[in-house]
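Per my numbering: the sequence shown = residues 1 to 110.
Treat the hints with care, as some may be off.
[To be verified] Label-pair restraints from in silico Cβ distances: (1) Lys34 - Gly94: 20 to 28 Å; (2) Thr24 - Ala54: 24 to 32 Å; (3) Pro16 - Lys92: 29 to 37 Å; (4) Asn60 - Gln14: 15 to 23 Å; (5) Lys80 - Thr106: 29 to 37 Å; (6) Glu83 - Ser33: 19 to 27 Å; (7) Lys62 - Lys92: 33 to 41 Å; (8) Arg95 - Lys45: 20 to 28 Å; (9) Asp93 - Lys34: 41 to 49 Å; (10) Asp47 - Glu83: 38 to 46 Å; (11) Val61 - Arg95: 32 to 40 Å; (12) Arg95 - Lys28: 45 to 53 Å.
[As the list claims (entries may be wrong)] Quick list of in silico lysine to aspartate or glutamate cross-link-like pairs, EDC-like style, CA-CA up to 20 Å: (13) Lys79 - Asp31; (14) Lys41 - Glu21; (15) Lys80 - Glu91; (16) Lys62 - Asp47.
I should point out that these hints are in silico values taken from the structure, not numbers from a laboratory. All C-beta atoms in this analysis are idealised placements derived from N, C-alpha and C, irrespective of residue type, glycine included.
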Amino acid sequence: MNNSLQDEPTVLPQFPGGINEMRTRVSKSFDGSKLEAGKPKGLLKADILYTVNANGNVVNVKVAGNNESFNNEALISFKKANENVIWKPAEKDGRPVNYAMRLPLTMSFE
C-alpha cells in the first residue's frame, strides 16, 4: 500500500484535554503491584497500538513489549483511561476517518 502524504489526515485525533491528560490517566490507573516475578528493576517499555475510529472511539488496542505482565497492566490501564471517552477523530478533507496511533510507555522501577 502506498502511504503518500496525500493519504495523511489533515487533522490528527485528539484526546479531550490533550495527550498529556491521557498519559496522566494511564499512569494513575497503572497498578505496578500486579507485575509478576517479584519487583521488576530498571526500565520497562511497551508500545500501546490502537486506532481512533471515525466515531472517536478507541478500538483494536494491542500492546507490544518485552515484559508480559507489564504489557497486560499497560493494556488494562490504557483501556481504563479511555472508558467513556470520545476522542475528536482524525479528519481528512473535512470528514472523520480512522487513524492508527502508537503510545510509547516507559516506566522505571527501583
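Task: Structure versus earlier hints, numbers of those that do not hold, lowest first - done: 1, 3, 5, 7, 8, 10, 11, 12, 14, 15
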